[in-house]
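Listed in order, the protein sequences are those of chains A and B. First residue of the first sequence? That's 1 in my numbering, and the numbers climb one at a time after it. First residue of the second sequence? That's 1 in my numbering, and the numbers climb one at a time after it.
The reader is advised that the hints may include incorrect statements.
Think about it this way: if two alpha-carbon atoms lie no more than 30 Å apart in a straight line, the pair counts; the simulated DSSO-like pairs of lysine-lysine are [stated by the list, open to error]:
{"no.": "1", "chain 1": "B", "residue 1": "K138", "chain 2": "A", "residue 2": "K227"}
{"no.": "2", "chain 1": "B", "residue 1": "K270", "chain 2": "A", "residue 2": "K227"}
{"no.": "3", "chain 1": "A", "residue 1": "K227", "chain 2": "A", "residue 2": "K284"}
{"no.": "4", "chain 1": "A", "residue 1": "K211", "chain 2": "B", "residue 2": "K270"}
{"no.": "5", "chain 1": "A", "residue 1": "K227", "chain 2": "A", "residue 2": "K211"}
{"no.": "6", "chain 1": "A", "residue 1": "K284", "chain 2": "A", "residue 2": "K181"}
{"no.": "7", "chain 1": "A", "residue 1": "K227", "chain 2": "B", "residue 2": "K111"}
{"no.": "8", "chain 1": "A", "residue 1": "K8", "chain 2": "B", "residue 2": "K111"}
{"no.": "9", "chain 1": "A", "residue 1": "K227", "chain 2": "A", "residue 2": "K57"}
Keep in mind the hints are simulated off the structure, nothing from the lab.
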Amino acid sequence: MNKILGNKTAITLFIAPSLILFGGIIFYSIVMSFRYSLLDWNGFGEGVFAGFGNYIKMFQDKVFLRSAANSLLLGVITLFTQLPLALLLALILTSGVKGEGFFRTVFFIPMTLSSVVIGQLWLKIYNPNYGILNSVLGALGLTSLQRNWLGDVNTALLSAFVPIIWQNVGYHMLLFYTSIKSISQEVVEAAKLDGATGLTSAFYIKIPLIKPMIRTCAIFVIIGSMKAFDMIYVLTNGGPVHMTEVPSSLMFSSIFNLNKYGYGSAISIFIVAECILMAVALQKLFRVKDSAI
Amino acid sequence: MSEKLKSRKGNRLVRLITAVFLLFWAALQIYPLVWLVFFSFKSNEEIFGGNIIGPPMVWKTGNYANALLGGNVFRYLFNSVWVSLVVVAISSVLIGTSAYALSRMRWKLRKPAYWVFVSGMTIPLHATLLPLFLLFRKMQIINTPLAIVIPYVVFALPTGVLILTNTFSALPIELEESACIDGCSVYQMFWRIMFPLVRPTLAAVALFTFLSSWNELMFAMTFISDPKWKTLTVGLQSLSGMYYTEWGPIGAGMVVATAPVLVIYLILSKQVQNALVMGAVKG
Numbered sequence: 001m002n003k004i005l006g007n008k009t010a011i012t013l014f015i016a017p018s019l020i021l022f023g024g025i026i027f028y029s030i031v032m033s034f035r036y037s038l039l040d041w042n043g044f045g046e047g048v049f050a051g052f053g054n055y056i057k058m059f060q061d062k063v064f065l066r067s068a069a070n071s072l073l074l075g076v077i078t079l080f081t082q083l084p085l086a087l088l089l090a091l092i093l094t095s096g097v098k099g100e101g102f103f104r105t106v107f108f109i110p111m112t113l114s115s116v117v118i119g120q121l122w123l124k125i126y127n128p129n130y131g132i133l134n135s136v137l138g139a140l141g142l143t144s145l146q147r148n149w150l151g152d153v154n155t156a157l158l159s160a161f162v163p164i165i166w167q168n169v170g171y172h173m174l175l176f177y178t179s180i181k182s183i184s185q186e187v188v189e190a191a192k193l194d195g196a197t198g199l200t201s202a203f204y205i206k207i208p209l210i211k212p213m214i215r216t217c218a219i220f221v222i223i224g225s226m227k228a229f230d231m232i233y234v235l236t237n238g239g240p241v242h243m244t245e246v247p248s249s250l251m252f253s254s255i256f257n258l259n260k261y262g263y264g265s266a267i268s269i270f271i272v273a274e275c276i277l278m279a280v281a282l283q284k285l286f287r288v289k290d291s292a293i
Numbered sequence: 001m002s003e004k005l006k007s008r009k010g011n012r013l014v015r016l017i018t019a020v021f022l023l024f025w026a027a028l029q030i031y032p033l034v035w036l037v038f039f040s041f042k043s044n045e046e047i048f049g050g051n052i053i054g055p056p057m058v059w060k061t062g063n064y065a066n067a068l069l070g071g072n073v074f075r076y077l078f079n080s081v082w083v084s085l086v087v088v089a090i091s092s093v094l095i096g097t098s099a100y101a102l103s104r105m106r107w108k109l110r111k112p113a114y115w116v117f118v119s120g121m122t123i124p125l126h127a128t129l130l131p132l133f134l135l136f137r138k139m140q141i142i143n144t145p146l147a148i149v150i151p152y153v154v155f156a157l158p159t160g161v162l163i164l165t166n167t168f169s170a171l172p173i174e175l176e177e178s179a180c181i182d183g184c185s186v187y188q189m190f191w192r193i194m195f196p197l198v199r200p201t202l203a204a205v206a207l208f209t210f211l212s213s214w215n216e217l218m219f220a221m222t223f224i225s226d227p228k229w230k231t232l233t234v235g236l237q238s239l240s241g242m243y244y245t246e247w248g249p250i251g252a253g254m255v256v257a258t259a260p261v262l263v264i265y266l267i268l269s270k271q272v273q274n275a276l277v278m279g280a281v282k283g
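So here's chain A without its partners, still in its complex pose:
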């Protein structure tokens, strides 16, 4: 038995390809990104060693600071809107309403669509002249609220966040739904005998019992916000005047539009460091042992 499961050729054959591919690429990428981040380099020829110059520049760059603040804001907003909404929907759906399966399926649809489709669709929804949002506002007689949602510096950021939240509510709803469903029926029934139904049951039985999942989702949305890219890229590409920039969109445009390879790499190292630190900090904060990220 031991001999068979210790077969060295088989082990190598089984694990080596993925370990080399995965470990190799991740390791190579981080080392190289860090190396590039120390260079003043436009992508052509050799870069000039600049020490930590790019990092210093980064923390003095107002656009970068705004992008970092934006991603934090996105994390906080999703935490306080998307998660409560998802939890509410999950609680309702698990309380035995009609059409449980139907609603679950419908709420989850946006999750399966690509961010490009959703982004393009919301571009049309927000279109100042022919978009559905301004049309509905017009039809309701609220013409004073009509505006160029993504073009106006005052509304652009929040307008760019809405589709992100809209897309992901279903996902967290499903995570909450699944964990509420996995609460043992006996507990719920026993509580029912003691008079805990509806809201009481939700607040005193269900929510406390799915706390680990709530924590996991909180970590999820915050880390996810640090990495947000697709939707911002499609909707605003960081504009107007960098109002909606997030670190990854700034990294992307620094490298591929402005040819600042060194500076862009410094931002990518920042994103990596931020995600790891945030994950560690949140796990500590929530004292979750083997939580999932």
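Given chain A's structure and the hints, the job is docking chain B onto it.
Leaving out everything else, chain B in the frame of chain A:
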């Protein structure tokens, strides 16, 4: 008695409110998609002439012909399908075998190897964009499908390996012991006995991988600029640039891009939901 009656009345009110709320939210999630289908059939005159919200007065199917033929959408669709399938095939083999080695086989560096995959989950993939771009350019595989297949496989590995490792670990050791007595080789043990038992989990992982590859944007648009190899997400981006002032064909392209995934989802909704939940819970 009256108290009970009151609470029953209250219940009915609560039920009504929750039903309205659910319907409202469902409408909010679905209507944009319905609207997309509407304008994919509309002419510019209708869209810009006042009929914004409702269904098209005249259903203009020509938009679809425009998008599919003029906009190359068929090509992009085909590329997305086969790239995603290749990624699923390669990653499934790698995930299945390495998870088996990590969970059941006996070797010294098992723990560290496992941690490589775990740590890989926290590291955002953004950091690999530029290094891989430069590496692939040097290797001259930029602008070929390989340039996106490799990163997609790599991205699929950590979650998949962790999920499958858990699944393998949960299987009783007696299975292998009895196979061992029957004189099985390790390959037979893996392929004939253990692999079939994790197939449902692997299928869920595959579904998850398929969706992520299908929807990926950042790498696809950086590594592929040749229209011959563009995938659907990137193709749609360029389509919207091409038909900037014409909503119909863009809408048609988006419907065509969305329909296959949506149909798969509606047929396999349980499995898709499970797959995505699993990615979060066990990953």
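Cross-check of the supplied hints:
no. : hint            : result
1   : B/K138 / A/K227 : holds, 27 Å
2   : B/K270 / A/K227 : holds, 28 Å
3   : A/K227 / A/K284 : holds, 21 Å
4   : A/K211 / B/K270 : holds, 24 Å
5   : A/K227 / A/K211 : holds, 25 Å
6   : A/K284 / A/K181 : holds, 27 Å
7   : A/K227 / B/K111 : holds, 28 Å
8   : A/K8 / B/K111   : holds, 16 Å
9   : A/K227 / A/K57  : holds, 21 Å
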